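**Q** Next come the chains, spelled out residue by residue.
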Amino acid sequence: MMQASPETETRDATVARKAWMGLLARAKPARLAVLVPELPAYALLRAPEIGAVMVQGRIGGSGQPFNLGEMTVTRCALRLGNGAVGHAHVQGRDKAHALRAAVIDALMQTDQADAMRAAVLKPLQAEETLRRSQRAAKAAATKVEFFTLVRGEDQ
Amino acid sequence: MYVAVKGGERAIDNAHAWLAEERRGDLGVAELSVAQIRAQLTLAVNRVMAEGSLFDPDLAALAIKQARGDLIEAIFLIRAYRTTLPRLGASCPVDTAKMAVIRRISATFKDLPGGQVLGPTFDYTHRLLDFKLAAEGEAIIAPTAPAAMEAVPHVMAMLDRDGMIEPEAFGNALPPDLTRAPLELPASRALRLQAITRGDEGFILSMAYSTQRGYGRTHAFVGELRIGVVAVEMDIPELGFAVEIGEIELTECETVNQFKGSKTEPPQFTRGYGLVFGQTERKAIAMSLVDRSLRWAELGEDYTGAPAQDEEFVLMHADNVQATGFLEHIKLPHYVDFQSELELVRRLRAEVFASREAAE
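In order, the protein sequences belong to chains G and Z. Counting in UniProt numbering, the first sequence runs from 1 upward without gaps. Counting in UniProt numbering, the second sequence runs from 1 upward without gaps.
These are calculated hints, taken from the structure and not from any lab test. Be aware that a few hints might be false.
[As the list claims (entries may be wrong)] Here are the simulated lysine-lysine pairs, DSS-like style, with alpha carbons at most 30 Å apart:
hint	chain 1	residue 1	chain 2	residue 2
1	G	Lys95	G	Lys18
2	Z	Lys98	G	Lys28
3	G	Lys28	Z	Lys65
4	Z	Lys98	Z	Lys110
5	G	Lys95	G	Lys28
6	G	Lys122	Z	Lys98
7	Z	Lys98	G	Lys143
8	Z	Lys6	Z	Lys263
9	G	Lys122	G	Lys138
10	G	Lys28	G	Lys18
11	Z	Lys132	G	Lys138
12	G	Lys138	Z	Lys110
13	Z	Lys331	Z	Lys110
14	Z	Lys132	G	Lys143
15	G	Lys95	Z	Lys6
16	G	Lys18	Z	Lys110
17	Z	Lys98	G	Lys138
18	G	Lys143	Z	Lys110
19	G	Lys138	G	Lys28
[As the list claims (entries may be wrong)] Simulated coverage check for chain Z against chain G, where a stretch passes if three residues somewhere in it have a Cβ under 8 Å from a Cβ of chain G:
hint	stretch
20	102-110
21	140-152
22	187-194
Remember, predicted model here, so these are calculated numbers, not experimental data. Glycine residues also receive a C-beta, built at the ideal position from the N, C-alpha and C atoms.
Bound conformation, chain Z alone (with noise of 0.2 Å):
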């Protein structure tokens, strides 16, 4: 129970101006600006995207400096903005085939049409610290190559046509959306994925990891990971046609995974699938991996107990916002809840004190 209690508004005040002046820091340090925040802190803005559920790179840094660097803060700061926003509407689903790739690998073929490009990796990095960094370095021109400038062939692509994986039913039902009608249990795959791809980074890792651990299996290999830009169309009815209304960074995981098949299925590989804002590439392979595991139930595999199994456990859990809201809620005053606490342990001590000095 929470009673309002009146008091404290110069403290808060007086916090919160503080709070101002600890995230300028050493005024003998420049300020970090918006712009450098988006420019160079890429990959951070990428998760407050991801997490925030919102495409909005110039919001995302701005909610980053707002926030201290705090990252989960930063993605509430976006929830909370996009709640503002009237829906104009959604768009066409986005075609990841036709995708400008950055990079694109497999690990299941070496040689595929459009080939293995590796982008801008950290792959293959030694994990040294390079201290040229802290020094002001010139700007670095990254070689080029005559390319193709053609969209590649999802690898998926490749074994559907040999029937070798199960084939993905195209079909434009309309998805459910969690953030119009709470998540209600048992859920589509649809709904699952907006869970997934908007859920905690860590938290979707951790899930994945423990699959590979043997908490529930998955036994995936990366059939192909690409990051590229794509553009986005939405039909708009003044009009009656679709049109171009932007373009977005993604990053797209498939994996393919064993499947011993069923009474009805040919033994064959079975998918799961990852697509995340931005370059994300640990979330995206993550995510496919739970997608995977969650998907038990359809393709008629046993349910062992793990928690990467567990639809409720992933799903009620993934939310950083949410959990955060509720773990932090904590620290906000409980007197009165805490008094009762306390008059019972003093009623159940005076009870215990009471009856060993009859006993005695």
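Okay, chain G solo, but in the shape it has when bound (with noise of 0.2 Å):
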């Protein structure tokens, strides 16, 4: 068997962390509160802040990029006790939904990790995928289905 690579390691623990980064930046934070009512113990590194992101759109999909307009974003930073260090940047003005996000992203870093993904990411992840395929399933009902009518000179 294969030993993988140093770099290729380091590479899928990247796309991991942007997966669940991501997933809890999508988050409603109602949820997520609900999911981790109780947070361990942390240092602030940066306090949850509320900013604007500029977000980017390309000339003609796929030019060059021009400014849409910003978005809301909070940001975060902490530490725990055992040393993970954990960011958070999240769409809304909620600084507990950062602070929260921070704190989970340092617990996968942790032993905590399988614990976290199965009591928060895997419900955020199916519930995401459910509220998106209800909404492409709605979409999929008013997809055109075009018939020819069958014209003289086709005869």
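Join these two chains into a complex; the hints should help.
**A** Now the structure itself:
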């Protein structure tokens, strides 16, 4: 069996971390609060801060970037007692959301990762997938099925 | 000239108290919640986000409530709020090709991969008032069908492959930002698009309509109109990689326009582009027409003096917060200005009457 190179392991770890950070950023703050009612002790590296991020689009969808407008984002960074550092940039203006997301990001880098994955990430992912598939299914029902009438000259 | 005049505080306080009372309206009618506005007046919320230039549905709904439904006033509130926020950075350019579309139509091709998806549209409604809505009805559940759950390709990419449409040069140049530096002319296309996407929907609509009626020519086909959610990613310096910070709903319109060709370019179609926050399809279509119209110089077309070809005219008059500010300031006290005007007209009249008397 081939040994995974350190580069590959780092890349896989980054891909996994990006996935949970995105999921936490998109989560509804109230839902996250239900899933993670209590937080472990932490030291704030950057207190939750509300700000704006300029969203860019591309000219023609694929050309040079242009500034489309801003969105509200709340960010937070903290360190757990065991030294794990968590970051969060989450959509909206909910400081508790950013704080929870940063704590979970830190916990996911500790031996509690499996527990967090089962208790928080799995349900969030399932709910998001359900929400998305419901909208996609409604869109699919509005897909036009063209049919061509037989015209005289075709006979 | 303005002169500070003291006084009127009590009148102003009382006027604001009355404004608050009028905002609430008849106490016998249940108060409207911000959540209701957000959930049920979504297209108003979308317009306020697009022209307020800040994607935050809760804030837009609050602004609509506070502004008593005056959308330009709500946009003003959002613009004022956003100036209080620190800028945390810029996102990576959103990838609209990966949009989770709820609507996607093309006026140029009937059959395309992914198909024509109508979505929750007003099109094909009869525009008859629905009196059932005046009564409390039961919730409607939309039908569903099996969905592929995969991204649908851009129609323009299909034309692009055949060289039938001008290529859009990919790049990562830092775009100019009119919220950070004053709008200077001539503007790059990136700067024009920023100004138009936050511009007044009515103004952009009328500019686009004027090109269709012959003031400048766009002769546009809607190559593709799509509405849906895209992920927003941002590079986080502390982490050294980009993460998703959220997702936003966008409307994108790409138009296909005739182009005869030039000395350097063969005959091919050209592009107009519209991208707007939220479900804002009228605005996105209008934006793509105005974008195309303003590109006359780079495409070597004639300037016919049409308003929609005039960058200065379009960009300097598109912003409804600026326009409202300048328009409405004339109702504020100009007592000293007017006194001098009054004296001038009195003196001129006196001179005219004096010369008449001298002539008689």
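**Q** Hint by hint, say whether it matches the structure.
**A** Here is how each hint holds up against the structure:
1. G/Lys95 / G/Lys18: holds (20 Å)
2. Z/Lys98 / G/Lys28: holds (22 Å)
3. G/Lys28 / Z/Lys65: holds (23 Å)
4. Z/Lys98 / Z/Lys110: holds (21 Å)
5. G/Lys95 / G/Lys28: Holds: lysine 95 of chain G and lysine 28 of chain G sit about 12 Å apart, inside 30 Å.
6. G/Lys122 / Z/Lys98: Holds. Lysine 122 of chain G to lysine 98 of chain Z sits at ~23 Å (cutoff 30 Å).
7. Z/Lys98 / G/Lys143: holds (18 Å)
8. Z/Lys6 / Z/Lys263: Violated, at about 67 Å.
9. G/Lys122 / G/Lys138: holds (24 Å)
10. G/Lys28 / G/Lys18: Holds: lysine 28 of chain G and lysine 18 of chain G sit about 18 Å apart, inside 30 Å.
11. Z/Lys132 / G/Lys138: Holds. Lysine 132 of chain Z to lysine 138 of chain G sits at ~23 Å (cutoff 30 Å).
12. G/Lys138 / Z/Lys110: At roughly 21 Å apart (the allowed maximum being 30 Å), lysine 110 of chain Z and lysine 138 of chain G satisfy the hint.
13. Z/Lys331 / Z/Lys110: violated (53 Å)
14. Z/Lys132 / G/Lys143: holds (27 Å)
15. G/Lys95 / Z/Lys6: Not satisfied, since the Cα-Cα distance of roughly 42 Å exceeds 30 Å.
16. G/Lys18 / Z/Lys110: violated (39 Å)
17. Z/Lys98 / G/Lys138: holds (18 Å)
18. G/Lys143 / Z/Lys110: holds (12 Å)
19. G/Lys138 / G/Lys28: With a Cα-Cα distance of about 22 Å, the restraint between lysine 138 of chain G and lysine 28 of chain G holds, given a limit of 30 Å.
20. 102-110: holds (count 3)
21. 140-152: With 8 residues closer than 8 Å to chain G, the stretch 140-152 of chain Z meets the three-residue bar; holds.
22. 187-194: holds (count 5)
Of the numbered hints stated above, those contradicted by the structure are hints 8, 13, 15, 16, listed in ascending order.
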